[in-house]
Amino acid sequence: MKAVLHVGFSRKWTHSLGVVPWPLVPLGNRPLIDYWLELCVQYGIQDVRLILGDGAEHVENYVNDGAQWGLHVSYAFLRDDHRPVSFLQRTPEQWRDGLLFLSGPLFPRRLTNAGAARPDENGFYFQEDEGGGLCAICRRADELVAFCSGAPGASRVRTFEELGLALDPIESTKEFFTINMRLAEGEMSRYLAPGYGAADGSCVGFNVIIPLSAEIAPSVIIGNDCRIGPMVSVGHGTVIGNRVVVDRQAELARCVILDGTYIGKQVEIHDKIVVAGRVIDPDEGIILELKDTWLLAKVAPLLQTKDKCCAVGGWLLAVLLFCLQIPPFLVLYGLIHWLGLGSFKRQLFHGVHLQMSRIAVFHPTVALSSSVLVRLFYALSLDLTPRMGGALLGRWLLCGQEPLRVPEDNALRGELAGYFPGVFSYATALCHDEKPPVIIAMNARYYAHCRSVRENARILRVAFANRLALLFKKIEPSV
Amino acid sequence: MSISFQVRDGVGVVVVTGALTSAGVDSFREQFVSWWQGVPGVRNVIVDLTNVDFLDSSGLGSLIALLKRISDRGGDMKIVGLQKKVRMIFEITRAYKIFDIFDNTDEAIKACG
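First to last, the protein sequences are chains A and B. The first sequence begins at 1 in this note's numbering and counts up one residue at a time. The second sequence begins at 1 in this note's numbering and counts up one residue at a time.
One chain only, chain B, in its complex shape:
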C-alpha cells in the first residue's frame, strides 16, 4: 500500500493505492498524522480510494479514526472513487451512513467549498 498527500484549493487530498488492510493501517495512520500536523491550515480532507481494491474492518476503522481527527479540527472528510468491492464493504457495514461519498475529487472539492 502506498499513500500520497497534496493540497488542492485549500483541501487536503490523500490518495491511497493498494489494499487497505490490517497489515497497512498503522503505517497509513502514522503517515497521515505526520502530514496532518504539518498542514495546520487545512481543515477538510478528501480520501481518494480509486486505486484501493480491497479494505477490511481495520482499514475501515482507520478511516473512521481519520474522520474523528479531522472533525476535531472542525473540518470534514469526504471519500471518492469507491471500487465495487470496497463499495460492497461500505454497504454491508453501513459505513455509507458515516462518510460523504463522491464519484471524483473535483466534485468533492466543490462540496468542501
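The following block holds chain A by itself, in its conformation from the complex:
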C-alpha cells in the first residue's frame, strides 16, 4: 500500500497564525503532517508521495526524505486548477496494491486510546467534506478514481469511524482552536507511545523551566525551550508552543500560544490564540495586533548582545590559540603523516548562519594507547587546529555546540532553536569522531540554554584538562 498526501492548496486562515502552509499548523505542538505520516507508519505504508504547492519548501524542509518516520517520501506538484484525484489518474498502475489518499486539511483524530485500526483488505473507506477535504483508503486504486469521478464503485463505502478515526476538517481558526483544545484536555495521550504520556494527560517538552511558585493545572501541553515565570497560572487546556516565555503572574487557560511568543507580566489569556504580538479570538475571528511589547511580543532573537560579546572574545582567544598551535602542529602532524599514523579527512558540517562548511577531521589509523605521538597530538588539541582556522574565518565559535554533520544530523539541526557550533564543545574531551546522537542532541540543547562566558570557560577548562590527561593514561578514552 502507498500513500498520496495532497498538501498543496493554500488556506487563507493559516496566514493569521503566521504559519504557512497548513500541513505545518501545530496541533498539540506537532505539525498536522506529522499525524498523517504516523498514520502511514501504523498502516504499514512505506512509500509516501507528497503533492506540494504553496510553502513547498517549508514542508520539504520538515519532512525531508521521511527517514525520521522510517518512510520513503518523494515529492510531486500539481497545478491548482487540476483536481487532486487527477494525480492518481496519471499512473494508476502505481497504486494497484492499495492507496491512502488525502487532500486538504483533515485531522486524523483517534477516537479511542487504542489507536486506529488497520483497514480491511477489501474495504473502501471514503470521506469528503464541504471544504474540499477528501480522504480515502482503497485497495483498488481504479475503484477510487472511478468513485471520485462520480461513477459507482463496486465496493460498499465504509466510514473512517470503523477504523477508530474521525477526520476533522480544519478550515478556520475556530476549528484549529477546537482541535488543540481537545488535545490539551487529554486526547494528546492517544498519540503518544506508552512511556511518554504523563498520567494526568499533560505533555511537557525538553528544557522547560517551571518554578515551584507557578501553578500548572493539568492537562496542558508545553513545548520545548519554554520558561514559565514565578506565580504564573497555567490552566487546564492550555497549549504552549516552543520557545515561549511566560512572565510572572500571567494567567493562561484554554488558549493556544504559538512558538516564539512572549507573554508579559500579569497578562491574562483565556480562550484565545496568541502568535507573537497578535491575539486571535477563534470564536469571533477577531485579530488584534498589539504593539505593546511589554504585553505580548515575539521572543527576542537568540543571538543577543551577550552572545556577540562571547563571539568576539572567543575569536581573540582563538587567534592566540591558533598562533600557539601552529608550530607544534606542523612538526607533529608532519611526523604522524610521514609515519602513516593518521590523516585529516574533510567532512561537511553545518556552520553558523545556515551556511555549510567542510572541516578537516583527524582520523588516526592506530589506537591512541599504541602511539605516543597521536596521544600527544590529541593532548595538545592539535586535531582541532584546522577547525580553529575556521573559527578565525568566522565559520565557528571558539566554544559552543558540537558541529552537526550533513546530512546525518540534519533532523537535529532543524529541531534546535539556537545553533552555536564551536571548536570546543562538551564532547571535545572525548576525542572521538563518532559521538552518540543522543549525547550530541542533549549537549546541544543544554548549551543553547546555559551558554555564557562562564560556561565557555568551563568547556575550555574541561576539554584541555581531559585532553592533557591523555598523556598519562594508557587506556582508550570511552564515550
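Treat the hints with caution; some may be incorrect.
With a straight-line cut-off of 25 Å between C-alpha atoms, the simulated SDA-like cross-links for lysine to any residue are [what the hints assert, rightly or not]:
(1) B/84 to A/285
(2) A/174 to A/187
(3) A/298 to B/54
(4) A/265 to B/96
(5) B/84 to A/289
(6) A/12 to A/78
(7) A/2 to A/124
(8) A/2 to A/98
(9) A/291 to A/16
(10) A/174 to A/285
(11) A/174 to B/91
(12) B/97 to A/249
(13) A/345 to A/405
(14) A/265 to B/95
FYI, nobody ran anything at the bench for these hints, they're computed from the structure.
Position chain B against the provided structure of chain A, taking the given hints into account.
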C-alpha cells in the same frame, strides 16, 4: 481622535471617537482636565468608548489616570460600549477588574444614581 463632553443627570459623559493611542493621550488628558476643572459639581463620569476601535497601553494608562483623578473627588468612573478589539485588550490586561463596564450610557447613569 476626537472627544466631546456633556453632563446628563448630574453625571459627566465623555464620548471618545477614534483610536486612543499614545499619539492622542496627551490631548485627551489635557482636554479632560480643562473640562473637569470647569464642572466642580460633577463627581461621577462615564467614558463612552463605543466609537473607539483600538486602544493601546498608553490609552489604557490614560483611562486609569482619569479614574484616579475622579476618585480623588470622591466620584466613580464607568466605561460603556467596548468594541470587540478594545474588549480583548481589557481582557488580557485584566483592566476589567479595575473599571465598571456597561453596555450603554443609560445603564451606567442608572448605576451612578
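When the hints from earlier in the document are held up against this structure, which numbers fail?
-> none
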